[in-house]
Amino acid sequence: MKLLTKYNRVNLITTIIVMLITGIIYYQAISWILISQKDRDLVVEENEIFDYVTLNHHLPQTFESNDQQITFTPATPGSIKREFINTEYFEKWDKGSHKKPCKGKGEYESGRGLISSVNADGKYYKILIIESKVETEDLIRIIFSITIGVILLLLLVLVVTNRLILNRLWQPFYNIMKELRLFNIADTKEIPHVDNNIDEFKELNNAVIDMAARAKNDYKDLKTFTENASHELLTPIAVINSKLDTLIQTENFNERQSKLLNDLYGAVSRLNRLNQSLLLLVKIENRLLHEKQQINLRELVEEMIIQFEEIFHDKELKLTYKLEDKEIYASRYLVEILLSNLISNAIRHNHAAGEIIINLTADSLIIQNTGNNEALPDEKIFTRFHKSSGSEGSGLGLTISRQICESFGFSLDYKFQPPFHTFTVRF
Amino acid sequence: MKILIIEDEEGLRESIEEYFTESGNICETASSYQSALAKVNLYRYDCILLDITLPDGNGIDILKSLKAHSHPDGVLIISAKNSLDDKLEGLNIGADDYLVKPFHLSELKARVSAIIRRKTYSGSNLLIFNEITIDLLAKDVKVDKTTVKFTRKEYALLLYFIANKGKVVSKNAIAEHLWGDGIDMANNFDFIYSHIKNIRKKLMEAGCKDYIQAAYGMGYKFTDQ
Chain A
25 MKLLTKYNRV NLITTIIVML ITGIIYYQAI SWILISQKDR DLVVEENEIF DYVTLNHHLP
85 QTFESNDQQI TFTPATPGSI KREFINTEYF EKWDKGSHKK PCKGKGEYES GRGLISSVNA
145 DGKYYKILII ESKVETEDLI RIIFSITIGV ILLLLLVLVV TNRLILNRLW QPFYNIMKEL
205 RLFNIADTKE IPHVDNNIDE FKELNNAVID MAARAKNDYK DLKTFTENAS HELLTPIAVI
265 NSKLDTLIQT ENFNERQSKL LNDLYGAVSR LNRLNQSLLL LVKIENRLLH EKQQINLREL
325 VEEMIIQFEE IFHDKELKLT YKLEDKEIYA SRYLVEILLS NLISNAIRHN HAAGEIIINL
385 TADSLIIQNT GNNEALPDEK IFTRFHKSSG SEGSGLGLTI SRQICESFGF SLDYKFQPPF
445 HTFTVRF
Chain B
430 MKILIIEDEE GLRESIEEYF TESGNICETA SSYQSALAKV NLYRYDCILL DITLPDGNGI
490 DILKSLKAHS HPDGVLIISA KNSLDDKLEG LNIGADDYLV KPFHLSELKA RVSAIIRRKT
550 YSGSNLLIFN EITIDLLAKD VKVDKTTVKF TRKEYALLLY FIANKGKVVS KNAIAEHLWG
610 DGIDMANNFD FIYSHIKNIR KKLMEAGCKD YIQAAYGMGY KFTDQ
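For the record, the sequence lines run as chains A and B.
25 is the number of the first residue of the first sequence in our numbering; add one for each residue after it.
430 is the number of the first residue of the second sequence in our numbering; add one for each residue after it.
Hints are not guaranteed to be accurate.
With a straight-line Cα cutoff of 16 Å, these simulated EDC-like cross-link-like pairs (lysine to aspartate or glutamate) come out [what the hints assert, rightly or not]:
#1 B:Lys510 <-> A:Glu251
#2 A:Lys404 <-> A:Asp437
#3 B:Lys582 <-> B:Glu605
#4 B:Lys582 <-> A:Glu251
Hints listed in this document are in silico derivations from the structure and should not be mistaken for laboratory results.
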């Protein structure tokens, strides 16, 4: 759930609840005020009756006005308790009244009444004064609906402004998020300062920038370490190599010794290749090999094919290739490594009398080879030191190939399309 | 040939010295920047093997000093840094070649031979080994005036052997020389065998003696003894 949605939901619910409560209180208050005003009118009327009775010693004539009815009924003395009541007021319609056409004699409306008593001519009477409450209620209704209208309008305005303002307020946050998503630890690009004047976002921005800088620093240290370690290894490897070269000059080896020496040579050259691969990886990641130039890829692939000619021939591999002209702007050194990695993989993981197809078009280079008739684990093969069992490679070839592709903005993908393992470089 | 080996790593320096001395060269060594600079200023060499990273200085400065005095010595830079910038800088200043550690001694010998050949036989481009004459410019091989056709790799291999005559050259060294160390073919020694078979056959058909000997399954030796 978005923060905005959550916020709006909470905001809306509390606003509605608060508005409802205040609405009720408001309604009650207005009713109370208006009714007590009505009651005061009734008391004034009552007093008028008392004054009249005191002066004239008989009951006044009952009369009806538009919104007032007074009735006197004889009652048992002392049985009447003075009280205000909510009752009904029967409004008679005048003939020719502007109201509805006269069907009945009138209609009942809600009214407010006062029951009281008076002694006149020695008799005890119950007084009932009723006033119509219609106008009061109309008034309450109007006030109330205006209030509700205002509340609804307020809510609407609140929701809309929240949406607009909050979206804008959160913009720096989304900008920071975008930067974070683009963040690449191997990149030299720093996370920029996002311009805003909100303290929280400023803090977040600073924290993110700090974190990114720290991560990059650590990563750089790690890379430097790898590079230094690999460099330090070069000299001992060089010494072993040269000592071996010297050793085989000292004649007279028996078969067992020469087998041992051969194994040593093999291991040293593997160690060397591994070390070179590590150094190369670091260099690609550090973007240290970017002497880019215009390269005709078709010519380069053809050269590679000639390089590997004897090997194709010896393994009885059938090579088919279709090469179109394709110019790329890249480092020749790296592209040679890429091609040689991909082609030597296609040879190494092929079976005798297998097939290799190389296709170069304007937008892709596809190298297909037969081999084990099952798909390789798609993404795993590009991770460092992943090797198929029995492979004599360093386990870094495809990692390097992918890194090279990425450094030029190409992509390298693997697909198994039986019986072909297909590697595709897309430019 | 007189060769100066400037290398601070003792093991490597000794191996190089031994390898070159055995094939009849005079070798001198220097293990530090100062001693190297002293020697370079006093004596002349056919080729100087120059390690760039020395404990008390940068090998490039020795190269600069050589060039500043217009000394004609051939210079081969040996470096642990496989960086194109270093390589270009070295070659621009006037080094003749650049070899990255680790290397095979036979490769080093082949490169040094090539440098010395360029320096000493100026004008003549013929490399002669008994009855074999190689025109280096035309890439043409003759045995007693009969031209023998070699493929690109066979020709490269023959030159490699002649540069390392009398030495056992390991299969690894041959593989790296022919395919480069960038090409990671762990078991391509069979191809070496077929190349050598072809070279031997072509040479002998032209009336040449059999100079190539297999050495205990580890490598081959090109020798007239």
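Against the structure, the hints:
About 11 Å separates the Cα atoms of Lys510 (chain B) and Glu251 (chain A), which keeps this hinted pair within 16 Å; it holds. Distance restraint check for Lys404 (chain A) and Asp437 (chain A): the Cα-Cα separation of roughly 12 Å lies within the 16 Å cut-off, and the hinted pair is therefore satisfied. For a cut-off of 16 Å, the pair hint linking Lys582 (chain B) to Glu605 (chain B) stands: about 12 Å separates their Cα positions. With a C-alpha separation of about 34 Å, the suggested pair Lys582 (chain B) and Glu251 (chain A) falls outside the 16 Å cut-off, and the hint is violated.
Hint 4 alone, counting from the list given before, is not met by this structure.
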